[in-house]
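Engineer: If you want the building blocks of each chain, they are given just below.
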Amino acid sequence: MITNRKLSDPRARELFDEMANWPIFDPHSHIDPHRPAARGIDEILGYHYYTELAHSAGMPAELVGASVDPDVRVHHLSRYLARLDNTEQYAWLVELAQTFHGFSHDQITPATIDELILAADHGHDGSAWDQSVWDRSKLEAVFLTNDFDDPLTGWDTSRYIPCLRTDDLVLKLHEPTTVERLKKATNVDVCDLASLRIALGSIVEYFVSHGARACAVSLPPDFVPRAAATKRAVTPIRRVLHGLDLRPDELVEVRQTVFWMLAELCDDHGLPFDLMIGPIRNVYPAGVAGGRDLFDRRVSLYDYRELFNHFSNVVFPVSTLSPDASAELVAYSWIFPNVIPMGHWWYSNVPSYIAADLTARLQAVPKTKLLGYYSDAYKLEFILPKFNMYRRILARTLATAMEERGWTMDRAMDVAKRVLRENAVSCFSRQSRGSRTSRYEGNEKDAAFSGI
Amino acid sequence: MITNRKLSDPRARELFDEMANWPIFDPHSHIDPHRPAARGIDEILGYHYYTELAHSAGMPAELVGASVDPDVRVHHLSRYLARLDNTEQYAWLVELAQTFHGFSHDQITPATIDELILAADHGHDGSAWDQSVWDRSKLEAVFLTNDFDDPLTGWDTSRYIPCLRTDDLVLKLHEPTTVERLKKATNVDVCDLASLRIALGSIVEYFVSHGARACAVSLPPDFVPRAAATKRAVTPIRRVLHGLDLRPDELVEVRQTVFWMLAELCDDHGLPFDLMIGPIRNVYPAGVAGGRDLFDRRVSLYDYRELFNHFSNVVFPVSTLSPDASAELVAYSWIFPNVIPMGHWWYSNVPSYIAADLTARLQAVPKTKLLGYYSDAYKLEFILPKFNMYRRILARTLATAMEERGWTMDRAMDVAKRVLRENAVSCFSRQSRGSRTSRYEGNEKDAAFSGI
Amino acid sequence: MITNRKLSDPRARELFDEMANWPIFDPHSHIDPHRPAARGIDEILGYHYYTELAHSAGMPAELVGASVDPDVRVHHLSRYLARLDNTEQYAWLVELAQTFHGFSHDQITPATIDELILAADHGHDGSAWDQSVWDRSKLEAVFLTNDFDDPLTGWDTSRYIPCLRTDDLVLKLHEPTTVERLKKATNVDVCDLASLRIALGSIVEYFVSHGARACAVSLPPDFVPRAAATKRAVTPIRRVLHGLDLRPDELVEVRQTVFWMLAELCDDHGLPFDLMIGPIRNVYPAGVAGGRDLFDRRVSLYDYRELFNHFSNVVFPVSTLSPDASAELVAYSWIFPNVIPMGHWWYSNVPSYIAADLTARLQAVPKTKLLGYYSDAYKLEFILPKFNMYRRILARTLATAMEERGWTMDRAMDVAKRVLRENAVSCFSRQSRGSRTSRYEGNEKDAAFSGI
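Residue numbers (numbering that gives the first Met the number 0), protein chains in the order written: chain L, 0 to 451; chain V, 0 to 451; chain E, 0 to 451.
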C-alpha cells in the first residue's frame, strides 16, 4: 500500500492499513456539490494553499489571476512548486496526483506538468469522475458549507450534507447585499429585531428540513459572544437593516445579537454549532485569492464562557486557528460537556502541530468527544490525501500509546474508530430537540458520542 | 515491576527502577492529615478529575451530587468511565486500584466496580490503612494546603507539613466570613491597615512555629502584584474590614495590599511563597464540585516583575496553569534567582505537556532550581501513581539526554535525584532569615538548592 | 568526529558529517571585528549566558562584576558552573573548550579551570588566533551589529559584514547622547523631521557604501509600527531633537516615525530589515550585565501588518523572542512574501524549542525562505558549537523527514544546504533597487532565495 510507506513502526502500519479500509466521514468541507471533483488540474492547483505558498516564495500574484488561461496558470505555478516541495501541502498534491491521475513522478515541475494536465483532464467525464473519486476515496458523507440563501437542491443531501454557514449573517449584515439576500431568501420584510428573528428562524428551518446537520461560523479573535439584550440591540439592528451607518459599538452589538439568535435557533433545532475561532480577513490584501487571511494569536476561549454556559444543550464543535491556542481548547473540552475539539484547522493543519495536539487530546479529553479531522477541501480529490496524512499521524500516535501506555491493538483500534468516524456520525446525527432531551435517560452505553 | 512496563528503552527502565526506590517528597497536596488515605473507593472516584471528565463526557452532575449515597454515586460514575478510559487520569486510577487494592482488571466498569468497592473498603482500618499506603508509596513528606485558621494540631507535622494557603486572605477578604475568621484565629481586632498587618503577622508566625514551610496562593490571570502604597490602600482596607461595599478598583487595591504584606511576611520568616498562576474560579458554574474552574491563556509573568525584583530574598516556586505559558516560566527562571519552576499543574499536568516542558527546563534552567513534581492530591493513594507518571516521563527524558547529549547514567541519575527530591528538600528547609543571609558566604558547593 | 557522537541515527550522522564540511555563513552576531576571537577564557565565560545562569543559580552578581580581576572572576564562576551543567549553554562551553583549547575534561570545575585558563590564553597571539578560530570553524562570513556611528573601518568587510543596528535611533532618540552622536556622525544639524530624514539617509548610505547588507532592530512587545504621518510627527520630532521632554504618546510617535523612515531607507537601498521582536530591557535590574532583559509573551505579528503590506519590496527576516510565538511566525511567513523566519533567538534558542519550530517551518514554509540559524555570538569561538547544535537538530529533523515523509538523502541534503547557507547568502546579497525590481523577470529558477 503506497500510503503506508512512511510508517516504519509495524503497529502503526497495521493501524493505518485498517483505517484505510474505513469509509471517510468528513464533517467540514467547501465542496461544491454540483461539481465536487475537479474537471482539470487547474482546479487542483488553484487551491489557495498552492497559489499562496508559491506567491509567498516569489511568484507574482498576477501569474495566477482569475483572468489568466487555466493552462497558462498551471504552467506558471509549476515553475514555482519546487520552492515549496518541502511542505506538507505539496505532499498532498503529489499523493493526489499519484492516486487519482496515475502520476508516476515524485515532483511536479515544468517538465512533468503537461503529463499531469493530460492525465487530470476530466472535462468530459462529468459526474462519472465525481463518482470515481468518491469510490476510490471510500467517502461516506461530506459536509458542505452553504450560504444562507443556498436553495440546497440538485444533489443527494445524504452524501453531500448541508451545513449552514452563517458568516455573512453574523459579520456582514451591514453590507448592503446581505439584507437583500436575506429578504429574497425568506420572503420576510426584514426591518427590525422581530422580523430578523423570523427570517433567521425560517432560514434555519429551511436548512434543517433540507438535511442540514450543523451551523458553522468563523469568528475573528476579538469577537466576544454576549447574551442578546433586546433593549440595547433594537436600534442598531433597525439601523443596519435599513442600510444606515453604524458606530463601531453598534456593529459589535449587531454581530453579537445575530450570533446569539443563531445559537438560540441551534438550540431549538438540535443543531451543533461549529465555531471556527481566529481568522482575520484580508490582513494581506495583495495576496492571491484565498491567501490573504491571518490571525492575532492573543485569543482566549474564556471570551466564550457565557455562550457555553447559556447554551448547555447546544454542542459546539470548536476549531481554533492559532496553533498555540490548542492547549486551551483541550482544557475547555475537558470541562464543558458541550465543547468538542474538532479537527486541526488551516494554519494548525500542519503535521507537527496536529501530532502534538492530538497526543494531548488523547491524554486529557474523553475519547467520545474527539472529532478527529475534517478535510476543509474545495475539491473531492483532496479529501483522501488529507485524511491519509491525519491517519498516519493518528496511527503513529496510537502506536506510541501502545508502547508507552500499554494499550492493546484492540484498544488503539477502538479509539481510532471513534476519533475518525463514530464520534462525528453521532455528534451530527441528532436533529430534533426530542431526541436530545432524552439523552440522559438510561443511555449511558459506551457506543457513541454523548457530548452533552 | 509493574510500573516500568511502559518503558521500552532499557536506560529509561533502569532510571525508573532506581527512582522507584527513592522516598517521595511531595511539596504540594490537598491531603487532609486527619484522614489522609481514602476509607472507600468513593473518596477516590470522587476526585474531581473523574467526576468532571465523566460529566464532560455526558454524565449529569446530579448523579454524583453530595446528596447521593456513596455506593450509588460510584455505580453512576462507573457507567461513564469507559468514555474516558483513554485519559491519563484514568490510567492513574487503574494503577492505583491495582497497586493498593489488588484490582486485577484493566478497566473499571459496572461489571468490575463491586469488586473494587469491596477491595477498597477500609472504613474499619483507620490509620493503619493510612500507614500502609504511606509505606507502600515510600512517602517521606507531604505538604498540605492549610486554611489560615487551621489550628495545625492533631498530626505529625514532620510527615504532613503545613503550608499556609492564603487565597482567602488575598482574594476573599471582602467576603463576610473571612474577616470574622481572621479575628477569631488571631484575637486581633482587625479594623485597619495596622491591625491587619498584625493579624497577618500572627498567622504567619503561628504557622512557622507549627512547622509550616511555605505560603501558597493561587492567583487569577488578571492579578498584578504591586508594591503596597499605604496612602492609597488605607481607605479600601478600612472599608473591607468593616464589611462595606468596594468599588472594583478598591477591591484590586485590597488584594494587592494583602498579597504584598504576605510577601513581606515570607521575607521576614524565610518562607518560600508558592505562586500558582492562572485559574479563574467558577467559569462553568453548572459543573461538578471541583470541576468549574478554567483560565484565560492571555497571562504573562511580566506582570510579576515588580514582585520578583522587590523580594529578592523570597523564593517563589511558580506553577502556571495554561500549558502554553510554560516557556515563559523557563525564561523567567533562567534570569531571576528567586523564580523556581515548580511541577506541572492541573491543566498542564498532562504527559505530553509535561514532557515538552521538562525537556526545555532541563536544557535551559540550572538543575539546582528544578522542582520536578508535586501530586496536588486529595488522598494519599494518588501520590504514587501520579509520581510514577512523572518518573516515567523523567526517565524517558533523561534516557533521551543520554542518547542525544552524551550524558552518562551517573549524570542522568544525579539530575533525577535533584529534580525529584533534593531541590525540594533544600528549597523548603530554610526557615530563618539568619540561615538565608549566610547563604552566599562560602556555600557554593554543588550539594543542594541555592536558588537565591 | 567528536561532534556527531550524539546522533544515533546513521542518516542523521551522515547528514551532520556533510554539513560539518560546509562553510558557515552567520547572518547575525555581535562580534567585535577589531577583536573577534577571545584573548582569554574570561572573555568566553563572561558571555552573559554563563554569568546570568550562574547568578540565577545562586552566584551573587558582584562576583563577576566589571571591577573584578578577570582570573578571579573566572574562578568565581567556575565554582557555580556545576549547577548549570545540565544546560545546553554549558554544552556549548565544553564543546568550545574541547575544540579550540584541547580541553580534555567533560566538566569545567574549580579543579580544571586553571588548565583551561592556561590553554585559552591567547593574549599574545592577536590576529593569528582570530585566523585560527576562523579557519577551524570554516567561517565564510559573519554579520556584525554596528552602532549607527560606527566608522566601519579597520577590518575586512567581506568577512565581517556590517549591519546597521538601529535600536538607538528608534528607541533612544530621546536620550541626550543619541542626537549628539547623530549630528557628529552625519554632520547634519538635525533639528526637525526633514533634517532627521537627511541624517538617517546619510547613515544608511554610509553603511551601504561600506558593505552593510542589512538593517536590524530589536523591538519591545508593545511596539506597533505605523505609517508615518508628517503632520502628527512634526512637533514630537522637533521636541525630541531639541532635548525637550515628551509625553508618552509623543515618544510612541517618535519611535514609529523613525522606524518607518528606516524602513523607507531599506526600501530605497534594497536592504533587508531584520526585526527582532519581543525583548523588554532591564526587567531584572539587579541582574548581571546582559542578563536583565526578558519579555511579555502577549505579542502578535498582527501588529506588524501595516508594515509588511506597505513595504512589499523590503525583506523582513523576523526573529521572535517568546518561544510560544513561533507558530504565528510560521503562518505569517507562509502568507507574506517578504516575511522570512530567521533563526532561533535567545530564549527560543533552546534545542527543544528549535526542534519543534524547525519541524513546523519545514512542513509549512517554502524551503527557499528558511534562514536556519545565526549565532548571536560575541566571540568567534561560540559560532561553531552553536551552529553544531543547530546542525545536529537539523540532521535529526531531516532524518525524521526521510523516515516519515519518504525523502531521499539528496532531498534532505538539498534542504540542509538552503536552510544553513544558500538562503542567507541570497537574501543578504541583494543590494540595489535595480537588481530587486528585475527579480520577477524570468528568474524563477530554483537556485536561490526569492522571498519577494
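Treat the hints loosely; a few may be bogus.
As the list claims (entries may be wrong) - FRET-style restraints, in silico, Cβ to Cβ:
(1) T407/E x D113/L: 22 to 30 Å
(2) G405/L x S131/V: 52 to 60 Å
(3) S66/L x G405/V: 58 to 66 Å
(4) P150/L x E403/V: 57 to 65 Å
(5) S311/V x S66/E: 36 to 44 Å
(6) S66/E x N312/V: 23 to 31 Å
(7) K137/V x N312/L: 27 to 35 Å
(8) S311/V x G122/E: 32 to 40 Å
(9) T152/E x V424/V: 33 to 41 Å
(10) R237/L x L243/V: 53 to 61 Å
(11) D244/L x A65/V: 52 to 60 Å
(12) Q106/E x V424/V: 20 to 28 Å
(13) S311/E x H123/L: 37 to 45 Å
(14) D221/V x S208/E: 48 to 56 Å
Unchecked claim - Facing chain E, a subset of chain V residues (Cβ under 10 Å, in silico):
(15) S7
(16) P247
(17) F307
If you are wondering where the hints come from, they were derived from the structure by calculation, not from laboratory data.
Positions of the beta carbon are idealized from the N, C-alpha and C atoms, including for glycine.
Engineer: Please go over all the hints and tell whether each is borne out by the structure.
Structural biologist: Hints, one by one, checked against the model:
{"no.": "1", "hint": "T407/E x D113/L: 22 to 30 Å", "result": "holds, 24 Å"}
{"no.": "2", "hint": "G405/L x S131/V: 52 to 60 Å", "result": "violated, 26 Å"}
{"no.": "3", "hint": "S66/L x G405/V: 58 to 66 Å", "result": "holds, 60 Å"}
{"no.": "4", "hint": "P150/L x E403/V: 57 to 65 Å", "result": "holds, 60 Å"}
{"no.": "5", "hint": "S311/V x S66/E: 36 to 44 Å", "result": "violated, 21 Å"}
{"no.": "6", "hint": "S66/E x N312/V: 23 to 31 Å", "result": "holds, 24 Å"}
{"no.": "7", "hint": "K137/V x N312/L: 27 to 35 Å", "result": "violated, 48 Å"}
{"no.": "8", "hint": "S311/V x G122/E: 32 to 40 Å", "result": "holds, 37 Å"}
{"no.": "9", "hint": "T152/E x V424/V: 33 to 41 Å", "result": "violated, 59 Å"}
{"no.": "10", "hint": "R237/L x L243/V: 53 to 61 Å", "result": "violated, 43 Å"}
{"no.": "11", "hint": "D244/L x A65/V: 52 to 60 Å", "result": "holds, 55 Å"}
{"no.": "12", "hint": "Q106/E x V424/V: 20 to 28 Å", "result": "holds, 24 Å"}
{"no.": "13", "hint": "S311/E x H123/L: 37 to 45 Å", "result": "holds, 42 Å"}
{"no.": "14", "hint": "D221/V x S208/E: 48 to 56 Å", "result": "holds, 52 Å"}
{"no.": "15", "hint": "S7", "result": "violated, 15 Å"}
{"no.": "16", "hint": "P247", "result": "violated, 22 Å"}
{"no.": "17", "hint": "F307", "result": "holds, 7 Å"}
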